[in-house]
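Produce the entire structure from the sequences given, and follow the hints as far as they go.
Take 2 as the starting number for the sequence shown in our numbering and just add one per residue.
Keep in mind the hints are simulated off the structure, nothing from the lab.
Do not rely on the hints blindly, as some may be mistaken.
[As the list claims (entries may be wrong)] Beta-carbon label-pair distances, calculated as ranges:
| id | residue 1 | residue 2 | range |
| --- | --- | --- | --- |
| 1 | E292 | D184 | 28 to 34 Å |
| 2 | R6 | D194 | 42 to 48 Å |
| 3 | A288 | S23 | 35 to 41 Å |
| 4 | L211 | D12 | 55 to 61 Å |
| 5 | L4 | A300 | 46 to 52 Å |
| 6 | P212 | L42 | 16 to 22 Å |
| 7 | D12 | D256 | 52 to 58 Å |
| 8 | D12 | A290 | 42 to 48 Å |
| 9 | A300 | R92 | 31 to 37 Å |
[As the list claims (entries may be wrong)] As a list, the in silico SDA-like pairs of lysine to any residue whose alpha-carbon atoms are at most 25 Å apart:
| id | residue 1 | residue 2 |
| --- | --- | --- |
| 10 | K32 | N48 |
| 11 | K32 | T53 |
| 12 | K32 | A20 |
| 13 | K143 | R259 |
| 14 | K32 | S59 |
| 15 | K143 | S217 |
| 16 | K143 | R92 |
| 17 | K143 | T216 |
| 18 | K143 | G155 |
Beta carbons are placed, not taken as given, at the ideal position from N, Cα and C, and that holds for glycine.
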Amino acid sequence: RPLPRCRPPPDQRTFTSPAIESRLGQLLRRKWRDPELSTLLWNCLPNTLDTTVWQAPSDNDPRTFVSTGDIPAMWLRDSQNQVSPYVRFARSEPNGIGSLLRGLIRRHVDSVLLDPYANSFAFSAADAACNVDAFTLDNTTKLDETQTRVNAMGLGVHQRKWEMDSLSSVLKLGRTYYDATADARPFGQRWLDAIEVIISTFRAMQQPLLPGNFTSVNYTFSTLSREPKDTSAHGIGRAHRWTGMVRTAFLPSDDSPRFPYHIPGNAFAVVELRGAASMLRACCGNASASEVLARDAEALA
Numbered sequence: 002r003p004l005p006r007c008r009p010p011p012d013q014r015t016f017t018s019p020a021i022e023s024r025l026g027q028l029l030r031r032k033w034r035d036p037e038l039s040t041l042l043w044n045c046l047p048n049t050l051d052t053t054v055w056q057a058p059s060d061n062d063p064r065t066f067v068s069t070g071d072i073p074a075m076w077l078r079d080s081q082n083q084v085s086p087y088v089r090f091a092r093s094e095p096n097g098i099g100s101l102l103r104g105l106i107r108r109h110v111d112s113v114l115l116d117p118y119a120n121s122f123a124f125s126a127a128d129a130a131c132n133v134d135a136f137t138l139d140n141t142t143k144l145d146e147t148q149t150r151v152n153a154m155g156l157g158v159h160q161r162k163w164e165m166d167s168l169s170s171v172l173k174l175g176r177t178y179y180d181a182t183a184d185a186r187p188f189g190q191r192w193l194d195a196i197e198v199i200i201s202t203f204r205a206m207q208q209p210l211l212p213g214n215f216t217s218v219n220y221t222f223s224t225l226s227r228e229p230k231d232t233s234a235h236g237i238g239r240a241h242r243w244t245g246m247v248r249t250a251f252l253p254s255d256d257s258p259r260f261p262y263h264i265p266g267n268a269f270a271v272v273e274l275r276g277a278a279s280m281l282r283a284c285c286g287n288a289s290a291s292e293v294l295a296r297d298a299e300a301l302a
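Set out below in structure tokens:
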């Protein structure tokens, strides 16, 4: 039985890009040795646009929300990867795909400034329909200004699993957009603020975790689960010494790691911190502040 073409009808698609539709048509007009591959392309390439763009930029709100598709929330890592096939079209379609990507960059910045330790975010803090599946039984804490441990599961956060690739994905989205377009519009003061938060969060998670300093840990996470991989040991993970690497509490799979230093995640961070440093010098108006952040990013990398 051949694979069916199963895109939603045009009036039910969440976003339409003439550039993507044109390119898709060009590709499908070619002769395919395996017709099912062309069907997969038809179904898959525009799927993010067809089904997961819950909010596109408008005059009232210049932000984009891209859900995972199976869960009513936006993961930083997932949304960056979901739109990555479209970045090459941003220059030729600045008011379509370009606008969508600029809106997602702004939404990522908002998310980092809301909580840099969270991996996924709700569509709206006030929208119960989008928060119904939020992980409200999770026990996750932080230290407040008085160094008192407080609940950190705030409105707008869907899940608060610290996965270091989430912040690297924010950097990658900005870098790939700028590389494709040379457009500096999304990279204003709030973007600079987000870069500063990302760097400080990475530095905080470089610190060793040894008996005697458990109480000073800024991030904890535990939850009721039958699967050990869904939670952190004692809420803080396993003890570890200083290496210069950044520890993660969870892997990109949302599972807890056996060892805290995830090598691919640290390699990803190195690449994107260096990319952020180059961007800071190339496209940001506040030259002195940008240079300080660029040096911090390079030193951390």
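Right, here's what the structure says about each hint:
The supplied range of 28 to 34 Å is broken by E292 and D184, whose beta-carbon atoms lie about 21 Å from each other. Distance hint check for R6 and D194: the Cβ-Cβ separation is about 45 Å, which falls inside the suggested range of 42 to 48 Å. Our hint of 35 to 41 Å for A288 and S23 holds, since their Cβ atoms are close to 40 Å apart. About 59 Å separates the C-beta atoms of L211 and D12, a value consistent with the hinted range of 55 to 61 Å.
Take L4 and A300: their Cβ atoms lie about 51 Å apart, and the range 46 to 52 Å holds. Restraint check, P212 to L42: a C-beta distance of roughly 54 Å breaks the suggested window 16 to 22 Å. Taken as a hint, the range 52 to 58 Å is violated for the pair D12 and D256, whose Cβ atoms sit roughly 39 Å apart. Separated by about 46 Å at the C-beta atoms, D12 and A290 satisfy the suggested range of 42 to 48 Å.
A hinted range of 31 to 37 Å holds for the C-beta pair A300 and R92, which are about 32 Å apart. As the CA atoms of K32 and N48 are separated by approximately 22 Å, the hinted pair is consistent with the 25 Å bound. Between K32 and T53 the CA atoms are separated by roughly 30 Å; this puts the pair beyond 25 Å, and the hint is violated. Our distance criterion of 25 Å between C-alpha atoms is met by K32 and A20, whose separation comes to about 21 Å.
Note on K143 and R259: the hinted pairing holds, with a Cα-Cα distance of about 23 Å set against a maximum of 25 Å. Straight-line distance between C-alpha atoms of K32 and S59 comes to about 39 Å, which puts the hinted pair past the 25 Å bound. Between K143 and S217 the alpha-carbon distance is near 10 Å, which keeps this suggested pair within the 25 Å criterion. The hinted pair formed by K143 and R92 fails the criterion: a straight-line CA distance of about 41 Å is larger than 25 Å.
For the proposed pair K143 and T216, the alpha carbon gap of about 11 Å is at most 25 Å, so the pair holds. Proximity of K143 to G155 is assessed by CA-CA distance (about 11 Å); at most 25 Å being required, the pair is judged to hold.
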